[in-house]
Every structure is written in C-alpha cells, then in structure tokens.
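Colleague: Okay, here's what each chain looks like letter by letter:
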Amino acid sequence: MSTGPGMSSTAIMTPGGAPTPAAAVDVKPGRSPSRIAFERLRVDKVAVISFFVVIFFVVIAVSAPLLAGLSGQSPTYVNSELVDAYGYPTIGFTSDHWFGVEPLLGRDLFARWVYGARPSLIVAFISAVATTAIGTIAGLTAGFLGGVVDRVISWFIDFVLALPFLLFVLVAVPIATSWFGSPESMEAVQISQLRMWILISVFVLLGWAGLARLVRGEVLSLREREFVQAAKAIGVPTRRVLFREILPNLSGPIIVSLTIAIPSYVSAEAGLSLLGAGMIEPTPSWGRTISEASRFFAVDPLYLLMPMLAVTALVLSLSLLGDAVRDAFDPNTRR
Amino acid sequence: MLLYIVRRMALAVSVVFATMVLAFFLFFAGPGDPALNLCGDAKCNTQRVEEIRKSFHLDEPVSKQFADYALGVVAGREITSGGFTKPCPAPCLGYSFKTDQPVTGLLVARIPVTLSILCGAFVIYLLIGIPTGVYAANRRGTAVDRAIVGTTQTIGSIPYFVPALLFSLYLTILHPLFPRGDYHPLSEGLVKWASGLLAAWIVLGIFGSTGYTRYVRASMVESLAQDYVRTAKSKGISHHKVLFKHALRAALSPVLTIFGLDLAASFGGVIFTETIFDLHGVGYTAVNALRTSDLPVIMGCLIFSAAMVVGMNLVVDLVYGFVDPRVKVS
Numbered sequence: 020m021s022t023g024p025g026m027s028s029t030a031i032m033t034p035g036g037a038p039t040p041a042a043a044v045d046v047k048p049g050r051s052p053s054r055i056a057f058e059r060l061r062v063d064k065v066a067v068i069s070f071f072v073v074i075f076f077v078v079i080a081v082s083a084p085l086l087a088g089l090s091g092q093s094p095t096y097v098n099s100e101l102v103d104a105y106g107y108p109t110i111g112f113t114s115d116h117w118f119g120v121e122p123l124l125g126r127d128l129f130a131r132w133v134y135g136a137r138p139s140l141i142v143a144f145i146s147a148v149a150t151t152a153i154g155t156i157a158g159l160t161a162g163f164l165g166g167v168v169d170r171v172i173s174w175f176i177d178f179v180l181a182l183p184f185l186l187f188v189l190v191a192v193p194i195a196t197s198w199f200g201s202p203e204s205m206e207a208v209q210i211s212q213l214r215m216w217i218l219i220s221v222f223v224l225l226g227w228a229g230l231a232r233l234v235r236g237e238v239l240s241l242r243e244r245e246f247v248q249a250a251k252a253i254g255v256p257t258r259r260v261l262f263r264e265i266l267p268n269l270s271g272p273i274i275v276s277l278t279i280a281i282p283s284y285v286s287a288e289a290g291l292s293l294l295g296a297g298m299i300e301p302t303p304s305w306g307r308t309i310s311e312a313s314r315f316f317a318v319d320p321l322y323l324l325m326p327m328l329a330v331t332a333l334v335l336s337l338s339l340l341g342d343a344v345r346d347a348f349d350p351n352t353r354r
Numbered sequence: 322m323l324l325y326i327v328r329r330m331a332l333a334v335s336v337v338f339a340t341m342v343l344a345f346f347l348f349f350a351g352p353g354d355p356a357l358n359l360c361g362d363a364k365c366n367t368q369r370v371e372e373i374r375k376s377f378h379l380d381e382p383v384s385k386q387f388a389d390y391a392l393g394v395v396a397g398r399e400i401t402s403g404g405f406t407k408p409c410p411a412p413c414l415g416y417s418f419k420t421d422q423p424v425t426g427l428l429v430a431r432i433p434v435t436l437s438i439l440c441g442a443f444v445i446y447l448l449i450g451i452p453t454g455v456y457a458a459n460r461r462g463t464a465v466d467r468a469i470v471g472t473t474q475t476i477g478s479i480p481y482f483v484p485a486l487l488f489s490l491y492l493t494i495l496h497p498l499f500p501r502g503d504y505h506p507l508s509e510g511l512v513k514w515a516s517g518l519l520a521a522w523i524v525l526g527i528f529g530s531t532g533y534t535r536y537v538r539a540s541m542v543e544s545l546a547q548d549y550v551r552t553a554k555s556k557g558i559s560h561h562k563v564l565f566k567h568a569l570r571a572a573l574s575p576v577l578t579i580f581g582l583d584l585a586a587s588f589g590g591v592i593f594t595e596t597i598f599d600l601h602g603v604g605y606t607a608v609n610a611l612r613t614s615d616l617p618v619i620m621g622c623l624i625f626s627a628a629m630v631v632g633m634n635l636v637v638d639l640v641y642g643f644v645d646p647r648v649k650v651s
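Just so you know, the protein sequences line up as chains A and B, in that order.
Residue numbering for the first sequence follows this note's numbering, beginning at 20 and increasing consecutively.
Residue numbering for the second sequence follows this note's numbering, beginning at 322 and increasing consecutively.
None of these hints come from the bench; they were simulated from the model.
Just so we're clear, the structure is a prediction, and the values are computed from it rather than from any experiment.
A couple of the hints might just be wrong.
Claimed, not checked - Pulled a few chain B residues facing chain A out of the computed Cβ check, cut under 10 Å:
(1) 332
(2) 337
(3) 340
(4) 478
(5) 484
(6) 494
(7) 589
(8) 592
(9) 604
(10) 623
(11) 627
(12) 634
As the list claims (entries may be wrong) - Sample of chain B residues lacking proximity to chain A, with all beta carbon distances greater than 10 Å (derived):
(13) 387
(14) 393
(15) 409
(16) 440
(17) 460
(18) 472
(19) 492
(20) 498
(21) 499
(22) 505
(23) 523
(24) 548
(25) 579
(26) 637
(27) 641
For each residue, glycine too, the CB sits at the ideal point set by N, CA and C.
Please construct the entire structure, taking both the sequences and the accompanying hints into account.
Modeller: Following this line, the structure appears as structure tokens:
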C-alpha cells in the first residue's frame, strides 16, 4: 500500500493533508498542517500581539480576587456612604477605589471590572470547546455513516441553523432559569451561577450546527479517498478509521472554527447581558455594567467606557487571533 | 426537479413546525408552573397568574393546547377568554397579553420599521461593500489592499453594540449631531422617515458593510483569475470594462446569495439596532415582550423569524436549482 500511482498523486494534491503512514516516515520527518500553521503564527505580528492581549485578560480573570484584594475592595460590597441622596457617587478616582464607585449602590468599580472578565471568558471558552466537540462528532457521524443517521443529523443541523440565535437565547435563558431555580428557594448568587450554566447550555445547543455541517461535507469527500478505503479494506474498525484516519485531516477547520467561536461567544455573552438576558446580579459582568452605565454616561463616562474598552479589546484580539489562525491554516494565503 | 421541490418544501415546513414545538415546549412543557414562568423575572400576583392560566387554557392538556395553536397558525381559530370570543384568522399567533391585540397584526405593524432599517442599511452595505471590494481585488497584494482587508477585519471584529451604543449616546443624545432614532412611516414624508432612521443606517450600514467588502473582494479575486477574463483582456478590451462588465457581473452572484440570506436572517429583527436606537421593529417588540412576559408575542416573533430564514433559504435553493445548471437537484 506504500507505493502506487494513486497514493502518490493524492499526496501531491494535498501536501501534508493525508496522513501517509509508514512510507513517509523514513523519507523525511513531515510537518503536520498544525505544525506549519503554528510556525506561521509565531512570526505573525498581529497574532502575537492579540495573543498577549488575550493572555492579559485571562490573567486578570484568574487573579481577580488577588487584584481586587490589592485595592482592598470586594465587587459586591455596598458602600452606601459614597453615594449622595440622588445616587451619584461623591468620589472620583481614589487610592481606595481605583476606578471610582458605582452610582446608586457605591460598589467598587475596579473590583467589578476585574471580576467581570470571568463570566465572559468562562462562558466563551466552555461554550466554544463544547460546540466544537459536539459539532465535530455530529458531523463525523453523519458524514461517515450516511443513510438514515445522516438524514436525521442533517435535519437537526438545518433546524438549528434556522432558529434565530439571539432571539432564541434571549427567550430561552430566563425561562430555563426559572425551571430550575426560583428566588424563594435559592440565593441570588446560586441563581446567577445557574444562569451562567444555562447560558452556556443554550449556546451549545444552538452553536454546534455550523461546524457539524462543515465537518460532514469534508467527511463525505474524505471517506471516498484511497487511504480511507484502504484502511476499511484491511479491516480497521470504524471508530479507528474515524478518529485515526479521518479526524486528523480535519484538524485545520476544527481549530479555525474553535478560534472563531470564542470571540463570538464573548460578544454574545456581553450583548445578552446588555439586553438583560445574560448574567444577572450579583455576578459582575461587563455587558450588564454597560447596560447600567448607559443611564449615567453623561455624568460618569468612565463607568461606561471601562467595560466597553475591555469587551472590545478582548473580542477584537480574539477575533484577530482567529483570523490569523485561519490564514495560517490556509495554504492559499500569501504572507 | 418536482421531487426536489417537494422534498425541500417538506423540509422547510418540518423545520418551522419543529420551531413551534420547541417554543411551546419551552413555555409549557417544562418543569414548574408555566403560568409562573410567563412572569419571568418579574413577580406576578395571584390574580395575574390566574388570568394567564385562564386566557391560555392552561387547564387543558398540553397536546390539545399545542394542536389548537398549530391549527390556528394554519387555518385560523376563535379564541375565547374572559367570556369573549375573538376571531383570529390564519396565520393566527394568538392574542397579546398586554395589549390584547392579535399577535399577527402586531407583527405585521412592526415589519415596516424593521424593513425600513434594513432597506437603508443594506443599501449602504452594497454602496460601500462593492466599490471597496472591487478596488481591493483590483489592487490585490498591494498596501492599499492590505489596509482595506485589515480595516474591515478590525471593524467587523468589534462587538457591534459598543459602537452603536456610543454613537447613540454621544452623537444623538449628548451632542445631537444626528436626529434621535424615531420611526415615521414613509407616508409622512421621505425626509421625516429618513431622518429618524439615519443614525441606525449609518452605524449598521458601516458595520455590516465590512463583511460585504470581504465577500466582494474574495469573489472578485476568483473571477479575475478566470480564463474568460484573461481572454477578454487579451482581446484588448479596456481594463475598466473587463473589471466591471466581465468580472464583476460573475462575482456578484455569490454575494447576492449571501445578501438574500443575510436579509432573511435580519427580518426577525436587528435586535441591538432596534433597542439601542429606540426603533420599534420586530426585534424591539420581542425584547419588550420578554420584559413584560408577553408570551404570545415572544412566540410569534420566534416563529416568524424562523419562518423567514427557512423561507428565504428555500427560495435561494430553488432559484439556484433553476438558474445554475451546475447545481444537481437530484
């Protein structure tokens, strides 16, 4: 199976695409597409800068208690003595309150800002990883098995893609939260945690279909290729064919879809919180802070601008990183 | 061909039906008291709960409620609540809890607002997207091209609600350079209609055009590499003519497909634009209904949006089947 005109022409058609086993090893140590992409990324300035911005926010999210502790503040402590009778803060930036305090409740804005990175990143990363995993498995199964399984999965893909994403999440999250917990039986913190997991679940429920469709299409063409036919012919079990022969060829589109999904979920979380369907009190969230601050923007612009800046920088750098990853995996882009 | 059409239509109908089932399940079949769920985060008093329960016939089995609702969408029905019987012709989506108007009528009344926003924004998409895309493709690989691609990527990556909110707060409220968002029907005069929508058009248009610039550019790059373009060039046809007459025409058809699908997806409301600029279209109606727990309206919006997406997908598929001989319909 190592030498044959069919095999070599396939290898030429897709450089690095097909995992040519055994034969390629003693010729020269081939570089996988992921490795080539990674090397291209390392010299991409935009990608490197974006990467560090993302790391900056990850560090902020991870060390939020530490950072808030440095300023000696908690994100939920109400400083009612720092707001006047009309709810306006009586102080600006002080050594105690680095970004000032919130109107009405007087909670420390720096602490809320650093803690606000958490829901964004947690929701985005978990949703993106879960949708990618489910989308890949669904697409693989549909494309490889074909027949009734393919029809059923394809129908679900069509169905999910037809649902209006934003509107559906907007409706589903508050209702699903009320199924599992009510203000009578749970603490506000617990409900807000519950709500975060429901938000993630709804994202996953609606998010897998795009990748599944893509993977299904790729698998449909891959399964007719010689190396897969050969593996099947010598009796390699189906699961092994799927995960050892076909899946490695899909690493490019899967990684690209993952990196593009993350910023879109950060943006969706913030946007939904802005509309009132995302995170709820008392969990600090940039989106909700933006929504509350937009009522005070004329008197307290930084209250509005700090979370806006954060969410924009995070989404922008994640997106640019995603674009760079896509370019790095695309053999057609010249850089 | 006929079989293909029938199969595509069956698929479309089944998807819309499934949306209905899902929406119904979400509201009625989950654990907990649906009447209480309808109240959402706001707490209802017992009188309101009773009112909801009665007007939605929640004492009946869920399957019957759903059958009534589904039949109403197809054939229309009569709704009895509080001793009154109200007619509700097909497509019946029930009556609003808040305003007691038929949901279908309410949605139909909001469609012109959403359409007006989309109409202006989509004109801007094309007005910016096509020239810049063609320009970038024509100068592919140069600094100008890279600048255009980089700028569109950057603008397109910013979360939309941030510039929209900033524009709305600072340029229409604090420093009113632009009129505040406000909808007047076209019949009240073109200027009045356009001025209320101007801010939304600008923000949505510029933001949305970035995607089109990239689609047009990619499509143009592809069609400029075609043999017939080379032939046209070698015949001595002017560059300008080759670019716009030969290459652009071919490049536009995939772009217009995306355009159609994008338009369909936006019919369900451009939620951020409508809420931020205070334009009461379909998306605003949905968000507002959510705040007031106006269940029939929310469901109506969901089903309407899904139907729009499905319908437009169907149209695009069928038109492609007819127009493009390369698409095998079997």
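Colleague: Does each hint fit the structure? Answer for all of them.
Modeller: Verification of the hints:
Interface restraint check: residue 332 of chain B against chain A, minimum CB-CB distance 6 Å, threshold 10 Å, status holds. Because the smallest distance between the Cβ of residue 337 of chain B and any Cβ of chain A comes to about 8 Å, under 10 Å, the interface hint for this residue holds. At about 6 Å, the closest approach between the beta carbon of residue 340 of chain B and any beta carbon in chain A falls short of 10 Å, and the interface hint on this residue holds. This hint holds: residue 478 of chain B has a C-beta 3 Å from the nearest C-beta of chain A, less than the 10 Å allowed.
Annotation: residue 484 of chain B was flagged as interfacial toward chain A, and the flag holds, the nearest CB pair being 9 Å apart, inside 10 Å. The closest approach between the C-beta of residue 494 of chain B and any C-beta of chain A is roughly 8 Å, which is under the 10 Å cut-off, so the hint is satisfied. Below 10 Å, beta-carbon pairs count as interface contacts, and residue 589 of chain B has one with chain A at about 4 Å; its hint therefore holds. Checking residue 592 of chain B against chain A by beta carbon gives a least distance of about 5 Å; that is within 10 Å, so the hint holds.
Because the beta carbon of residue 604 of chain B sits about 7 Å from the nearest beta carbon in chain A, less than 10 Å, this interface hint is met. This hint holds: residue 623 of chain B has a C-beta 6 Å from the nearest C-beta of chain A, less than the 10 Å allowed. With 10 Å as the threshold, the beta carbon of residue 627 of chain B comes within range of chain A, its nearest partner Cβ sitting at about 5 Å, so the hint holds. Taking 10 Å as the C-beta cut-off, the interface hint given for residue 634 of chain B holds, the closest approach to chain A being about 7 Å.
The claim that residue 387 of chain B is not at the interface with chain A holds, since no C-beta of that chain comes within 10 Å of its own (minimum 17 Å). Separation of residue 393 of chain B from chain A is adequate, the least Cβ-Cβ distance of about 20 Å exceeding the 10 Å criterion. At roughly 22 Å from the closest C-beta of chain A, the C-beta of residue 409 of chain B stays outside 10 Å, upholding its exclusion from the interface. Here residue 440 of chain B stays apart from chain A, with its beta-carbon at least about 20 Å from theirs, past the 10 Å limit.
Every CB of chain A is more than 10 Å from the CB of residue 460 of chain B (nearest about 15 Å), matching its label as outside the interface. The beta carbon of residue 472 of chain B is kept farther than 10 Å from every beta carbon of chain A, the shortest such distance being approximately 12 Å. With a least beta-carbon separation of about 12 Å from chain A, residue 492 of chain B lies farther than 10 Å from that chain, consistent with its non-interface assignment. Separation of residue 498 of chain B from chain A is adequate, the least Cβ-Cβ distance of about 15 Å exceeding the 10 Å criterion.
With 10 Å as the threshold on Cβ separation, the claim that residue 499 of chain B sits away from chain A holds: the shortest Cβ distance comes to roughly 16 Å. A cut-off of 10 Å between C-beta atoms confirms that residue 505 of chain B is not in contact with chain A; the least separation is 25 Å. Interface exclusion of residue 523 of chain B from chain A stands, the closest Cβ pair being 19 Å apart, more than 10 Å. Distance check for residue 548 of chain B against chain A: the nearest CB is about 19 Å away, which clears 10 Å, and the non-interface claim stands.
No Cβ of chain A comes within 10 Å of the Cβ of residue 579 of chain B; the nearest lies about 14 Å off, and the non-interface call holds. Residue placement check: residue 637 of chain B keeps its beta carbon more than 10 Å from all beta carbons of chain A (closest about 13 Å). At roughly 16 Å, the least C-beta separation between residue 641 of chain B and chain A is larger than 10 Å, which holds for a residue marked as non-interface.
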